[in-house]
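Visitor: Sequence:
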Amino acid sequence: MGWVITGDIAEFDLAAGGFLRSRPIENTVLITVVESLRARGPAAYGDAPAVMGAWSTVSGCVAGAFVHTPPFPLLLSAMPGQAVKELAGALADDGRRLPGVTGRHEPAQEFAICWRIETGADHKIWERRRLYRLVEVQRPDVPGSARLARPADRDLLLGWYRDAEREIRERPGDHGAAVDDRISYGGLTIWERDGVPVALAGRTRMVAGMTRIAPVYTPPEHRRHGYGAAATAAVSRAAVDAGAEEVVVFADLANPGVNAIHRRIGYQPLDDYLVISFRAGRRGD
Numbered sequence: 001m002g003w004v005i006t007g008d009i010a011e012f013d014l015a016a017g018g019f020l021r022s023r024p025i026e027n028t029v030l031i032t033v034v035e036s037l038r039a040r041g042p043a044a045y046g047d048a049p050a051v052m053g054a055w056s057t058v059s060g061c062v063a064g065a066f067v068h069t070p071p072f073p074l075l076l077s078a079m080p081g082q083a084v085k086e087l088a089g090a091l092a093d094d095g096r097r098l099p100g101v102t103g104r105h106e107p108a109q110e111f112a113i114c115w116r117i118e119t120g121a122d123h124k125i126w127e128r129r130r131l132y133r134l135v136e137v138q139r140p141d142v143p144g145s146a147r148l149a150r151p152a153d154r155d156l157l158l159g160w161y162r163d164a165e166r167e168i169r170e171r172p173g174d175h176g177a178a179v180d181d182r183i184s185y186g187g188l189t190i191w192e193r194d195g196v197p198v199a200l201a202g203r204t205r206m207v208a209g210m211t212r213i214a215p216v217y218t219p220p221e222h223r224r225h226g227y228g229a230a231a232t233a234a235v236s237r238a239a240v241d242a243g244a245e246e247v248v249v250f251a252d253l254a255n256p257g258v259n260a261i262h263r264r265i266g267y268q269p270l271d272d273y274l275v276i277s278f279r280a281g282r283r284g285d
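Counting from 1, one number per residue, gives the positions in the sequence shown under the working numbering.
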């Protein structure tokens, strides 16, 4: 049957929801992004509405899905090579501009090659990420305590979001609605020492029994004290207590310290993902 592409969340969920939820850990980003779109609207991540799609085999079985929330990279599930090739062609024919693609190693790399053929866009690996799964929370011995973020913390959190963005070279964005949404469902936790906020850790909405830890941030002046690890452990414990069957977190492989911290607080590595950026080219080059 090929690709069915839509901007309607309900239509996408009907087509691809079962496929994605059957592998909630592997598809953690796609299903949590869709959940945010459902809660906050189709333009939750930028000025343009999201576009989504499901790919089916000739027998009608869904075997691939994507979500694109401009201005962020295309998000891919695992899928056959034929689906990758067809998707690149369909999005190029539609004139869609993509800053990049994110997914497991193989489909992300395959899509980047197909996109180069379709559009002439060069690509480079922007980040290599490792996905970790929680086995058992090990709380580090760090002074301080965790508390849920409150509306009164909004300005502090927005400042931290902007600072984190600059550090990881992300495109600047307006995070007001995202922070408000996270606060509304208890999705942000602050680690305090002596009443002073020193670190932040968040968690997504639970979907199909799975929650992902993100973001995690410690201001430079409070680093090397274990506050980020303590906040991450606290949020992980809270997710389990809230009924999460699976808790996952990503780490940049270029940061060995963060990867070591995840292991120390009870996470084990599962799989590697790529974030690939595109540089505009000309179709047919």
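A few of these clues could be false.
Ranges of calculated distance between the beta carbons of each label pair, as one might list FRET restraints [as the list claims (entries may be wrong)]:
1. Asp272 x Ile113: 57 to 63 Å
2. Asp194 x Gln82: 56 to 62 Å
3. Thr57 x Arg21: 29 to 35 Å
4. Gly195 x Arg264: 25 to 31 Å
Simulated pairs of lysine to any residue, SDA-like, Cα-Cα distance not exceeding 20 Å [claimed, not checked]:
5. Lys85 x Asp252
6. Lys124 x Arg154
7. Lys85 x Asp47
8. Lys124 x Pro151
9. Lys124 x Ile5
10. Lys124 x Val58
11. Lys124 x Pro140
12. Lys124 x Ala146
13. Lys124 x Ile113
14. Lys124 x Val62
15. Lys85 x Val62
16. Lys85 x Gln138
17. Lys124 x Leu253
18. Lys85 x Val58
19. Lys124 x Gln109
20. Lys85 x Arg97
21. Lys124 x Ala280
22. Lys85 x Ala39
23. Lys85 x Leu253
24. Lys85 x Ala177
25. Lys85 x Thr57
26. Lys85 x Ile117
27. Lys85 x Val275
28. Lys85 x Asp122
29. Lys85 x Cys61
30. Lys124 x Asp163
Rather than coming from a laboratory, the hints here were simulated on the basis of the structure. We treat Cβ as the ideally placed atom computed from N, Cα and C, and that holds for glycine.
Visitor: All hints, please: hold or fail.
Guide: Right, here's what the structure says about each hint:
1. Asp272 x Ile113: 57 to 63 Å: Since Asp272 and Ile113 have Cβ atoms about 18 Å apart, the given range 57 to 63 Å is violated.
2. Asp194 x Gln82: 56 to 62 Å: 58 Å, holds
3. Thr57 x Arg21: 29 to 35 Å: Violated, at about 19 Å.
4. Gly195 x Arg264: 25 to 31 Å: Between Gly195 and Arg264, where Cβ atoms are some 27 Å apart, the hint holds.
5. Lys85 x Asp252: 28 Å, violated
6. Lys124 x Arg154: Violated, at roughly 35 Å.
7. Lys85 x Asp47: 28 Å, violated
8. Lys124 x Pro151: 39 Å, violated
9. Lys124 x Ile5: Violated - the C-alpha atoms of Ile5 and Lys124 are around 26 Å apart, more than 20 Å.
10. Lys124 x Val58: Distance of about 34 Å is beyond 20 Å: violated.
11. Lys124 x Pro140: 37 Å, violated
12. Lys124 x Ala146: Answer violated: Lys124 to Ala146 is near 39 Å, above 20 Å.
13. Lys124 x Ile113: 11 Å, holds
14. Lys124 x Val62: 29 Å, violated
15. Lys85 x Val62: 16 Å, holds
16. Lys85 x Gln138: Violated - the C-alpha atoms of Gln138 and Lys85 are around 43 Å apart, more than 20 Å.
17. Lys124 x Leu253: 16 Å, holds
18. Lys85 x Val58: The hint holds at about 16 Å.
19. Lys124 x Gln109: Status holds; Cα separation ~10 Å.
20. Lys85 x Arg97: OK: Lys85 and Arg97 at ~16 Å, within 20 Å.
21. Lys124 x Ala280: 12 Å, holds
22. Lys85 x Ala39: Given pair Lys85, Ala39 is violated - Cα atoms ~32 Å apart, limit 20 Å.
23. Lys85 x Leu253: 28 Å, violated
24. Lys85 x Ala177: Distance of about 35 Å is beyond 20 Å: violated.
25. Lys85 x Thr57: 14 Å, holds
26. Lys85 x Ile117: Satisfied, since the Cα-Cα distance of roughly 10 Å is no more than 20 Å.
27. Lys85 x Val275: 18 Å, holds
28. Lys85 x Asp122: 16 Å, holds
29. Lys85 x Cys61: 18 Å, holds
30. Lys124 x Asp163: 25 Å, violated
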